[in-house]
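> Here the structure of chain A is known, so what remains is to put chain B in place on it, guided by the hints.
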Amino acid sequence: MQTGRATGIKLLLALLPLFVGCGNPSPGTDTLTPKRVREQAVTIAILPERNVFEQKKRYKPLAEYLSEKVNVNVRIKLLDSYGSIHHEITNQTIDGAFLGSFNYVLNRTRTDLEAVARPVEKGGSSGYRGVIFTRKDSGLTSDVQTWRGKKIALVHKVTMAGYVFPVWHLNKQGIQDLNNYFSKIVFLGSHDAAVLAVFKGQADMGAAKDIILQKMLAENAAMKDEIVILASSVSVPSNSLCLRSGLQNGIKDSLKKSLLSMHDTAGGKAALQALNAIKFIEATDSEFEVLRRMADDIDLDIRSPFWDAK
Amino acid sequence: MRKKLIIGLGLVFFISAVSAIVVIKNLNNMIANQKLISAQDVIISKYNEMLFQMKGAQSELYRHQAGYSRNIDDLVNYIDAFDDNMMFLSRKYSSHHHDIQCMQCHSQIEERLTSLSEIFSGIESHIKQYKQNVSIFITTDDQSQLGILENAATERGNVIISLLEKIRHAADKMRSEIRNRRNLLVNRSRSVITLTMVFAFAFSIAISLAVYRGITVPVNSLIKGIQKIASGDFQQRVAVRTKDEIGFMAQAFNDMTAQLQTMNKEKDVLLQTLKEFNEDLEKKVQEATEELRLAQENMVRTETLAAIGTLAAGVSHELSTPLNSILGFAQLTVSEMDDGSPAKGDLRLIEQEAMRCKRIVQGLLNFARPPIYEKKLTDINKIIDDTLTLVEYQPAMKKIIAKKDLDGALTPIEADPLQLKQVFLNLILNAIQAMPKGGELQLKTANTPTGVEAVISDTGAGIPEAEKKKIFQPFYTTKPDGTGLGLSISYGIVKEHGGEIDVESSPGQTRFKILLPLKNHERTEKMSTAVASGWLVERE
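Going line by line, the protein sequences match chains A and B. Quick note on the working numbering: the first sequence kicks off at 10 and runs consecutively. Quick note on the working numbering: the second sequence kicks off at 413 and runs consecutively.
The reader is advised that the hints may include incorrect statements.
Taking lysine-lysine pairs in the DSS-like style, the calculated list, with each CA pair at most 30 Å apart, reads [unchecked claim]:
(1) K891/B / K65/A
(2) K540/B / K166/A
(3) K86/A / K540/B
(4) K788/B / K810/B
(5) K856/B / K891/B
(6) K504/B / K66/A
(7) K458/B / K65/A
(8) K467/B / K69/A
(9) K265/A / K278/A
(10) K467/B / K66/A
(11) K66/A / K891/B
(12) K224/A / K891/B
(13) K540/B / K233/A
(14) K467/B / K209/A
(15) K687/B / K677/B
(16) K131/A / K66/A
(17) K278/A / K78/A
(18) K69/A / K655/B
(19) K458/B / K69/A
(20) K66/A / K578/B
Hints are computed from structural coordinates only; laboratory data are not their basis.
With the rest of the complex left out, here is chain A (with noise of 0.2 Å):
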């Protein structure tokens, strides 16, 4: 009997495997998860200092992680100049924006806009410097003589890096009309654009944010051994969250709050990561007088609307 069973129990185990692992494998499924809905939204908004769908991707993690900690529904707005942001600010489109040094000073005087708070960069730092670039093989060197009648590749008017960086420059070496002095200037909207145009020759040499260049310089080889910098300014704060002063006061310091401790979260960490920095700090006002002087020194005027709308 014993005999028997043992010999019935051995006959299920081996045909046991027969029964499973028939058929092909079920095809993946994704398991969606509905969005959580939430009265109010704060719309904050990212320039297009570099590829906007690199921007898109860089901000929409930390978007995210933003909606869950202040319980509010944080949308990112990608716009597609540097100057509409005045107007996006003016019509209340927007509540906030991530801008850079020089646009935040211009706005600052324009609007109820401040400053909260600002990344740290993998490195340590929380600022950049703008830099002026070229090709190895352009014969340009950090004599702006050797600049002349060349054609050069800015990002936009209400830039540091791209525009108040190189002209403040030039006026240090004694030249005050740039117009006449590069054969051509244009204005490719974004960092990226400015270093690829000088990279793919559409322009002699450019000027961009140290940053994204030496991001890009760092993902494509070739252009690493191509691309030479020329001049570089003073360390400036980085892009920082602006808010407007208007916006709910429990908003806005919730949100400041959950950015200068979102490093101490993991959830934090992963949306530090997709911005390639480590913490948010704080951000006051006086870190941007350094630009203040700089529009001073060539006599920009941060009061007009110096710069074309698009």
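Just chain B now, kept in the frame of chain A:
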């Protein structure tokens, strides 16, 4: 039997399991195929979405450039969604690379996936460039480049749309192939499942019947054997050759039957012996009873004869004198009467009857007082011959054939020849008288272990059974002029010689058998016994 059950149930279970596997396998294949179609539907819907998204992005791009909208969110969202779908499809296809099961279902899957991968790589490359172009286009202030950038972005978008339509067409084609294959598979699976179920059912029934027969046939055979043996047929053996419990039972049963058969034979022998013993005992009892009866009869007869003898001796003694006087006076009177005297005839009748009475009285005297025996060696054959000579001239003998079968080597015996001659004469005369219309008289002698045997037989009417017991009694006679003393006297003579006389009779034949011993040692003793019992009266 248990082994058969286990094997039978095991086979049925195995067939059921195999059938279940086949059915499950086919169902799984159908389900998997249906899932493939669903997955393919999802893929095609993704392609449609991507086409919609790319065309939407192209429209947004145009609207932005034409100044209809400054909002680039929709444009970016279209491309982002396009990217997401792209990643989804890339993961989907990469998961099918080197998938053996996929390769089993879809021929040339690797080639197709490789071709798809190339197209996807192309799309990815184009979309990367497209995003770059779009990004620069929507942000640049360089009016001289706007047209170029717009054309570049638009053309790249069109290339992407073209590739997507191509890839969607391929996906549609693959879906059609999967559907066709699904239809074939469903039909084939339906047939396989039906056939499997039918075969499984048939095999299960067959195995169940085989197990049933494998159990019931030996059991029935065993039951029939038991019933036959129960009815007494110990030759019966159970023909079960299986090596299981029933076979073991059958073997044990056959062994038991063999033992029963042996015991039964022994019982039969014992019964036969007992029966023979009973028969022998019964025969002996019958013989003893017959001997007792004969002895009783003899005793009765002896006592009767003795009483009659005593009576006869007295009566004859008393009657002799008056009879002599009657006879003498009757003869005297007759002699003195004239021949013509009317009374002379009557007197003659008186004389005759007196003579007859005298003979009777003489017979009684002879019966009551046997003559003195003079023993000597006597040849029975000679006595028979002499006696036959005496009767040859009887008229009745003319119709009778006398046959003698006398033993030439017959041993002479000690006996009184005259007495024995009277015995044989009585018997022969009785035989002759029994055959008035003729017949056969047979005389036979032979030696016996203790003496001689003489048989006198006739072919007369025979003696009725009721009379056979009475013929040796005195005065019993069936003849009108007989005295009824002949056989009684013969009986007494034979007994006197220590012999036996017996009669066997049936219609058409009567046979008297006389056995006589060689020497009559018991004569004196028997004589004394006879005298003591009063049967014999000493001669005065």
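> Which numbered hints turn out to be false for this structure?
Of the numbered hints given earlier, those the structure breaks are 1, 4, 11, 12, 18, listed in rising order.
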